[in-house]
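Undergrad: So the chains spell out like this:
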Amino acid sequence: MTTARAAAIILAKELRLEFRTRELLTATVIFALVVVVLFSFAFDPTAAESRRYGPGLLWIAFLFAGSLMLNPSFAREQNNETLDALRMAPISSFAILLGKILANFIFMSLAELVLVPVFAVLYNLSLAGIVWRLILVLALGTLGLTVTGTVFSAISAHARMRELLLPLLLLPLLTPLLIAAVESTAALFAEQPALDRTWLAFLAGFDIVFLTASWLLCDHLLEE
Amino acid sequence: MPALATPSPSAPAPLGVSFHNVEKRFGSLAALRGVSLEIRAGEFVALLGPNGAGKTTLLRMAALLMNPTRGAVLFSTAAATQHAPSHQEASAFRPKNSIGLVGHSTLLYDELTAAENLTLFARLYALENIAATVAAALDDCGLAARAGSLVRTFSRGMRQRLSIARALLHQPSMILLDEPAAGLDRQGLAWFSARLARLKTAGCTVLMSTHARNESLDLATRAVALAGGRVDNDSGSNGDPRALLAALRTEQ
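Taken in order, these protein sequences are the chains called A and B.
Note that the working numbering has the first sequence beginning at 1, numbered continuously upward.
Note that the working numbering has the second sequence beginning at 1001, numbered continuously upward.
To be clear, the hints were calculated from the coordinates, so they are not data collected in a lab.
Each hint should be verified, as a subset may be incorrect.
Derived, one-sided and incomplete: chain A residues facing chain B with beta-carbon distance under 7 angstroms [unchecked claim]:
#, residue
1, ALA8
2, ILE9
3, ARG20
4, ASN80
5, THR82
6, ILE91
Note that CB positions come from ideal geometry on N, CA and C, so glycine has one too.
Based on the provided sequences and hints, a complete structural model is requested.
TA: Here it is, written out as structure tokens:
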């Protein structure tokens, strides 16, 4: 079986489980909304301040929500040791990882779909004219977040203090991604919106490097 | 006869496994200490021993879920034995398609239905006629009427029967059973013993760990007792396992 076909089966399983329980999506969306709303209460931003600080606040909310959402990705396979059943199947380890990365990417994107319009209203920012470019930036940033987050979810799944371990491992590693994503988003929210190709290339490079690393290391990531 | 009762003509050839001076350490704890054991294709081996003897670790290595710290676990088919593969060839032979495992946990998703669980694994094993295969498996384990129920609503015994059905879904030629009778009621045990008898007749290699008496032990052609991570006693491939099994029963 090809890796793509096996990953599609894992993805379908993840989507079915999540849309049946709605555990991850509900928690992630509510948490991210609370963060954004609390930030808006903490200070009353003018349009100029929003353009300056808004992108940073938005990505911090994504990062915190992401670390919350990605933690159970492998941890919930521990319940009945279902990861053993997946590992015993005649599919590559990367297919398991890729299926989960794609599922997390979809969940995170759905959360962002709810969060971004609320953010735009609360912070007096207009999305008109930048929607497609913003989607490109969000997609590249979210892919980097979900690739690294899923990999570290696999690493921390066996740990006793995994809820604490994942953010501790993940957030420092995501600092370059955060900077690039914030700069790219800030360029879009500027008075003269523009797509910053340098930071965009950095985001794409980050995604490619970590996706390649997860492909190379997947056997070691999933073994006991 | 259910579709999965007997290996089809395209089913993998009977599989044997050999452990060569296998050692497994978890930090400072040695779970296995130099185990050497050859299980021939088609043997029905009862793996005996108290808790902590190393039975589960041995089975997990045979299931390709765990690598030994030292030593080697090699698989062979009857065909491979005839043309004597090199050590390198034998090490690279990882017959995932041919191995089934019933573990301590159910290896099932609680939030999927019985049919969805089996369909998932049928797809991952690229089985043909998935709907018919899943229906036959559910019928065989007596859960056809609960095909659409979530696994979390099942009793322990029903979960165990579904777990066994999942492990046998792809018609493995080697089945690894870790305390498989746990949670099964009288009816479940009878079904399980009959299922094992069919597998034995079909030439399937069976490794079953247990520390409690159950009627399926009567099917064993060999008994291996582990203690402290070592092989303590082995009735051998051509020996009589009854003495070892009787000793086990006396201990209970």
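Undergrad: Against which earlier hints does the structure fall short, listed by number upward?
TA: 1
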